[in-house]
Structures are given as C-alpha cells and as structure tokens.
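Peer 1: Below are the chains, spelled out letter by letter.
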Amino acid sequence: MFAYAIRRVVSTIPVMAVVALFVFSLLYIAPGDPAAIIAGDQATPADIERIRESLGLDRPFLVRFGEWVWHVLHGDLGVSIFTNLPVTHMIAQRIEPTVSLMSITLVLSLVVAIPMGVVAAWKNGTWIDRTLMVIAVLLFSVPVFVVGYVLAYAFALQLDWVPVQGYTPIASGLWPWFQNLILPSLALGGVYIALIARITRATMLEVLGQDYVRTAKAKGVDQRAILFVHALKNAAVPIVTIVGIGFASLIGGAVVTESVFAIPGLGRLVVDAILRRDYPVIQGVVLMFSFVYVLVNLLVDLLYTLFDPRIRY
Amino acid sequence: MKRRDFLASAAAVASAASLATPRIARAQTANQNPRVLRFVPQANLSTMDAIVGTQYVVRNAALLVWDTLYGVDSKLVPQPQMCEGHEASEDLKTWTFKLRPGLKFHDGAPVTTRDVVASLTRWMVRDNMGQFIKKRLDALEAIDDQSFRFRLNKPFAKMLFALGKANPPLALIMPERIAKTDPFTQISEYIGSGPMVFNKAEWVPGAKAIFDKFDGYVPRPEAADWLSGGKRIMFDRIEWDIISDPATVGAALQNGEVDWSETPLPDLIPLLKRNRNIKVDIADPLGNIGSLRMNHLQPPFNDVRARRALMMALSQEEYMQAVVGDNPDLWKPLPSFFTPGTPFYTEAGGDILKGPRNYDAAKKLLSDAGLLGSKVTLLVATDVAITKAEGDVTNELLKKIGFEVDYVSTDWGTVGARRAKKDPPSQGGWNIFHTWHAGADCINPAPYTALDSSGDTAWFGWPKSDEVQKDIAAWYDAPDAAAEKAAMAAIDVASFENVTYAPTGFFLMYQAWRSNLSGIVRAPFPVFWGVQKT
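First to last, the protein sequences are chains A and B.
Heads up: the first sequence is residues 1 to 313, going by the numbering used here.
Heads up: the second sequence is residues 314 to 847, going by the numbering used here.
It is worth saying that the hints were derived from the structure and are not from the lab.
Hints may contain errors.
[Unchecked claim] Just some of the chain B residues that point at chain A, by a computed CB distance under 7 Å: (1) THR367; (2) PHE497; (3) SER501; (4) ALA520.
Heads up, the beta-carbon is just placed ideally off N, CA and C, and yes, glycines get one too.
Please build the complete structure, drawing on both the sequences and the hints.
Peer 2: See below:
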C-alpha cells in the first residue's frame with residue numbers, strides 16, 4: 001500500500017502540470033486587466049498602459065508562463081500584482097480560517113448525516129424516514145447564502161448568541177474561535193449533510209437486506225450494534241467515496257460562506273483575486289486547491305482498505 | 314419527581330446555561346474598547362500606493378498615513394498643512410514654501426525638502442494638475458532643509474489648490490528613497506508622516522487593514538476641517554474590516570461588531586434609521602454624478618446627432634430612482650457637468666436635460682442622421698449596483714428611441730479592460746458603458762478627466778472638441794474668480810454641444826455609525842480626526 005501511495009503522489013505531478021497550464025491559459029484569454037483596476041477609474045488609457053508595462057503584462061504568453069512555472073518549481077508562487085505581497089504569504093494568512101471552517105463542517109456533517117441516514121434506513125417507509133428525507137431535500141435545495149442569512153438573522157441578530165461575522169484565530173481561545181465558525185459551518189454543511197444522509201440511507205438499505213444482518217437479528221444482537229457496527233461498516237465504502245467527492249462542493253460552498261460571514265479565508269481570497277484579475281494569486285490558490293483535492297481522493301482510496309479488507313493495492 | 318422528569322429539567326437548565334454562556338463570552342470580546350475604531354470601508358483595500366492607484370478607497374487609507382503640504386477645507390479653500398506658509402511672486406511664476414518644524418516620518422527621520430521635491434516629482438507625472446505644473450516648470454528645488462521653490466515659466470494661480478486638493482492622486486509626501494520609485498510602479502514601503510502608521514505586518518488584504526497611532530505626529534493648532542487643521546486622532550488603533558457583503562455590513566453594525574460603515578446599502582437605510590443605536594447621515598455633501606459614457610470613435614456615437622438624440626431623451630429621474638430608490642432627498646436633476654452647490658457651479662448649456670423628455674424628437678434626429686435601428690453595444694457591469702441600475706435604464710431608453718441593443722452583461726473588471734479598446738464593437742470594442750464621478754472630482758476641470766476632450770489621449774470614449782480644450786486652458790489661466798466662473802460656463806456649454814458624455818443625475822449616499830461615536834462629519838472621504846468613541 002505504501003508503494004501505491006507513493007505512486008499516486010507521483011502521479012499528481014502531471015495532473016498539477018495540466019491544471020497549471022489550464023489555469024494560466026484560461027486567465028490569459030479571459031477578459032479583464034489588472035492594470036486598469038490598479039490605476040482606478042480616473043486613469044487615462046496611457047497611464048494604464050504604462051502600469052501594464054511595469055507589471056510585465058505586455059510580455060508574450062510563453063515568456064510569462066515559462067517564468068511562472070520556473071518559480072513554482074522553486075516553491076515560489078509569485079507576488080500579488082496588487083499588494084506586492086508573496087502569494088505564499090497571502091495563502092498562509094488565509095489557511096487557518098478555511099481549514100477551521102471545513103474541519104468543523106466536515107465533523108458536523110458526519111455526526112449529523114450518518115445517524116440521519118442510518119435511522120432513515122432503519123425506519124424505512126415510516127414517517128420518520130419520510131421526515132428525515134424531506135429535511136435532506138430541503139437542505140439540498142436551499143442555497144448556502146440563504147441558509148447563512150437566515151442563521152445570522154436568527155442566532156446573531158435576534159438572539160445575540162454568536163457574532164454575525166468575522167473570524168477569531170484558535171490561538172485567541174477555543175470558544176471565540178468556535179463562536180465565529182458555528183453558523184458558517186451550519187450553513188455550509190447543509191448540502192453536505194443532505195448528500196451524505198441520502199447516500200448512507202441508500203447504502204444501508206441495501207446492506208440491511210443481506211443475510212448476515214438477518215442472522216444477527218435472529219441471534220438477538222442488539223439493534224444499535226447491528227446498525228452501527230455490522231451494517232454501517234459494510235456500507236462505509238460508498239459513504240467515504242461521497243465524502244471525498246463532496247469535498248469539492250465544500251470548497252465551492254466555502255467561497256460563498258466566507259463572503260456571507262466575512263471570514264478571511266482562501267475562498268474570499270480567490271474571489272477577490274478573480275474580481276481584480278490578480279493572476280498570481282488566482283493561479284496559486286487554484287493550484288493549491290487542486291493539490292488538496294487530489295490528496296483527499298488519495299486518502300479516500302486508502303480508507304477503502306480500512307473498511308473493506310478485500311481491497312488491496 | 315420521576316427520573317425522566319428530573320433528567321428533562323436538568324437538560325433544560327443545562328441548555329439554558331449553555332445558551333447564556335455565549336452571550337457572556339461575546340460581551341467580553343465585543344467591540345467595546347473606546348481606543349479602537351472598527352470601520353468598514355467602501356471597497357477592498359488591495360493596494361496602498363495612492364500615486365499609482367487612484368481608487369478612492371486607496372486615497373482614503375493614504376490620508377491616514379501620509380500628509381499633504383496643503384489641504385482643502387470644507388469650503389474647498391486650500392489651507393497650510395505640512396507647510397508653515399508660502400510666498401508667491403507677483404507674476405505667480407515663483408512659489409516659495411516653508412515646512413513647519415518638527416515634522417517626522419514614521420521611521421523617525423525628519424521630513425526635509427529633499428523628500429518633498431522627490432514626492433512632488435513623482436506626483437506630477439500622474440496628476441492632471443501636476444502635469445500642468447510640469448509643463449510650465451523651470452525648476453522645483455530645495456533651498457534648504459525647510460524651504461523649497463517652484464520656478465515656472467508661466468503664471469499659475471492654482472498652485473495651492475493643486476497641492477491641497479482632495480481628489481486622487483493627492484500630492485502626498487513620502488521619504489525621498491520611496492518617492493524615487495517609478496510613478497507607474499507600486500511602492501512597497503508605506504512610510505508617511507501622517508497621523509497613523511500603516512501596520513503592514515497585520516494587513517490581510519481583502520479582510521483587514523490596521524492603522525496604529527503615530528506618537529510622533531504633531532497636529533496643527535487649528536481646528537480640523539476636512540484636510541486642513543489639526544488632525545487629532547482619538548484612537549490608538551483604527552481597524553478597517555473589509556466586508557464584501559453589504560447585508561453582512563448592516564448586520565454587523567446593528568450588532569455592534571463594527572462602529573462605522575462608509576457606504577451602507579441604500580436598501581438597508583430605513584432599517585438602520587429605526588435602530589436607536591445607529592445614526593445615519595449623508596456621507597459626502599459633494600455627492601456623485603452618474604455618467605453614460607459613449608464611444609466617440611465608433612458609429613453610431615461618432616455622430617454628434619446620435620449623442621444629442623440620446624441626451625434629449627434621457628430622463629435623469631428614471632436613472633436616479635434606479636440608483637438610489639424613491640427617496641427624493643438623495644438625488645436631484647443635474648443639467649450641468651459640474652457639482653451642484655460648489656462655488657463655480659453653472660447650468661449654462663444644460664437646457665437639453667431640462668423639461669419633459671422628447672422621444673419623438675430624438676427618433677426624428679436619429680432618422681435624419683440615418684441612424685435609426687443602429688446596433689449599440691452596451692457594456693453593463695452587473696457586479697456593481699450603480700452601473701447595473703443605470704445600464705438597465707439605458708437598455709430601455711435605447712430601445713425606446715429606435716436603437717438595437719446588444720446588452721453585454723459582465724463584471725467591472727471586464728468593463729475596465731474592454732472600455733480601453735478603440736476597435737469596433739464587433740471586434741471587442743464598445744459603444745456605451747456606465748460609471749459615476751465623485752462630486753469632489755467635478756468641482757472644476759482640473760481633476761475632471763472625464764471632461765477632457767483631447768481625442769486620442771482623452772479618457773475612455775475619446776471625445777474630441779477643440780472648443781472644450783480651449784475653455785479648459787482658459788480656466789487654468791484665469792487670473793481671478795470672475796474669469797474662472799466664465800471659463801467654467803464656457804466649458805459647460807461646449808461640453809453639452811459636443812455631448813462629451815451624458816450626466817444621468819446627481820446623487821448622494823449615506824454613511825452609518827454606532828451612536829456611541831461622535832465627531833463624524835460630511836466629507837468626500839471619511840474624516841477620522843476628531844471622531845471619538847465612548
């Protein structure tokens with residue numbers, strides 16, 4: 001398995017190369033001009049041209065791409081066109097809020113969604129099953145930003161339990177950190193909970209119909225043990241797969257959630273960079289997200305062996 | 314009591330306690346510190362070089378960090394700021410200035426005239442008035458560490474206004490080594506001599522910018538008035554919280570998480586006004602002028618008749634209601650290119666924008682010019698509320714008077730790049746885009762790039778009118794207020810004649826702050842000096 005993991009990590013190199021070329025080319029052909037944005041609305045076309053030259057944006061595609069790749073290979077993602085700060089520094093400033101948000105969302109989603117799916121399967125066809133699935137459909141259908149606004153209105157503005165916006169680093173205390181993240185995590189986790197709950201239910205229904213479950217029931221094994229120990233472990237592979245796939249939607253949702261709750265994370269960084277056409281920042285963050293996504297999928301593949309001993313690499 | 318009842322009661326008490334805990338914990342971390350001001354700016358502060366970048370948000374941040382030699386007061390009269398005073402020769406060709414003593418940069422170095430000369434040299438490349446001075450300049454020289462001199466080959470009466478004006482780029486004074494940076498390349502050291510120090514280490518672009526009080530700043534003895542007088546900061550720290558979602562800004566203000574919002578969403582104003590903990594007032598008394606900008610190089614608007622037809626059918630009321638809503642206090646019709654309420658305001662030539670709108674006459678004019686049914690490419694930045702609202706009104710207007718509209722819905726970044734293209738619309742060019750100009754930039758022709766009608770080198774749309782240019786030159790040379798006023802009227806007439814652009818009306822925006830703040834004034838920029846928190 002170790003050799004497999006190494007092979008998979010090595011195989012990310014061509015993937016990252018394709019991503020790099022794709023992102024760079026896309027930005028090159030996309031309309032927009034960072035020089036015009038830096039110069040401001042009152043600047044003349046001549047001023048903008050001079051700024052473009054000073055930024056090196058007038059150089060040919062291949063020269064710019066080659067230079068960028070060379071720097072990336074040396075661990076340097078470049079410097080923001082606007083702030084003059086290194087992209088790695090800007091990413092480092094933003095990693096903690098995004099990782100915190102996604103971690104809490106992930107834990108919250110698994111804690112809520114898996115029991116929800118298991119119970120729905122167990123009570124298949126009853127009002128409990130129908131109610132849980134209606135909740136899942138609702139969570140799936142309502143956009144993240146709507147959920148966000150409603151939660152902020154209810155729990156921050158009306159009840160004053162938590163702040164409306166912002167982020168407190170974990171170093172400033174666990175409770176203030178959690179207070180700032182609970183509403184965003186609930187908003188972001190809605191779709192994820194719905195997705196995992198539905199997959200868990202479907203997989204559990206299949207597993208619960210198998211002979212060994214019937215045997216366990218006949219032997220008088222406790223219902224909870226049947227559900228959460230015997231059946232759930234065998235249903236885990238598709239659930240883990242969907243958790244991995246859902247990670248991508250979590251990244252997308254984080255962009256919106258971070259904007260609604262003013263969390264200074266990577267999602268907002270990339271949106272701001274896109275709006276301003278801050279090419280080095282966009283390229284750096286997209287490259288990093290792609291790398292993380294590839295790693296998450298690798299992790300999912302490795303987790304299969306944990307849940308299903310028949311799987312060998 | 315049964316066991317189940319006991320457990321239920323215990324759980325209820327526990328949950329009530331746990332629900333109460335956050336409130337207590339939050340109260341301890343809430344924004345109560347009277348020495349810290351939390352401010353939400355109008356936009357993201359993504360750069361800190363106010364010479365290279367002319368965005369208002371950058372100018373506003375720069376005003377905290379850098380100081381100016383002169384500064385306009387609320388009557389738009391320049392007053393000494395870093396300067397002790399000046400002497401002008403009778404022919405207004407030689408201007409000698411003396412710095413006031415004790416000025417220091419944030420790194421502790423004294424401010425000298427070498428810094429001033431280098432800073433003004435960089436500024437003159439980028440600023441309209443600076444460029445005008447540069448054209449007449451024989452020498453800008455340091456006489457000693459405290460005195461410096463402009464020697465011009467032609468008189469220039471507006472020197473003090475140029476050095477103290479509020480519109481970007483401002484003549485900011487920075488250390489010589491930084492000011493020697495190319496005027497088109499951004500600086501990376503943000504050291505000024507203003508009342509606040511920019512805390513670069515804590516800067517999270519797009520999220521937070523921090524300004525710490527500069528203990529070495531010596532304010533002038535006079536009372537503060539806009540950019541003039543003593544800039545006394547009552548805070549140890551000013552935090553700019555960049556919150557991109559306007560609804561979140563409103564909620565954060567209501568919850569006391571921020572103290573002051575520069576431009577709250579107009580739709581939220583009634584809600585904020587009902588909150589007794591929040592005060593709401595007009596932000597900038599000089600307001601803004603909406604702009605419908607036409608491309609003078611490409612058909613149909615390369616024909617002045619098409620531009621006139623559009624202007625005679627344009628209803629400013631419709632535009633302004635789309636931009637600021639039904640509140641009549643927030644807008645007024647503007648049959649002028651200049652800011653109403655300012656000393657040289659004129660409506661000369663503005664009759665075309667007055668009275669009922671004449672769609673039939675507009676159609677007839679287009680028909681006579683053979684332009685009825687022409688295709689118009691309308692660029693609309695839908696991510697900016699004002700341009701989206703104006704674009705939608707223009708879309709209807711163009712159709713109403715007989716144009717075929719190609720409505721290009723895009724973002725401001727794309728409009729910013731595409732509007733620079735002089736090519737026909739079919740090859741990536743454009744016919745119309747919308748923007749707005751701060752009223753502070755439209756008080757006279759100097760900061761007003763949108764009025765420049767020099768053709769190829771003019772602002773986007775590239776209007777050309779020798780008459781407008783002649784009148785602008787006359788304004789620069791005007792020896793007194795009467796001549797200045799006459800020149801402004803002539804510029805207005807010629808600009809309407811040429812339809813340099815179409816003003817869509819004058820509008821104001823609100824600012825809002827927590828009621829425990831005092832000292833907030835109306836100005837074209839947030840004035841932090843004199844503001845206090847209790």
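Peer 1: None of the hints should be skipped; say for each whether it holds.
Peer 2: Tested hints:
| no. | hint | verdict |
| --- | --- | --- |
| 1 | THR367 | holds (3 Å) |
| 2 | PHE497 | holds (4 Å) |
| 3 | SER501 | holds (5 Å) |
| 4 | ALA520 | holds (3 Å) |
In summary, this structure violates none of the numbered hints.
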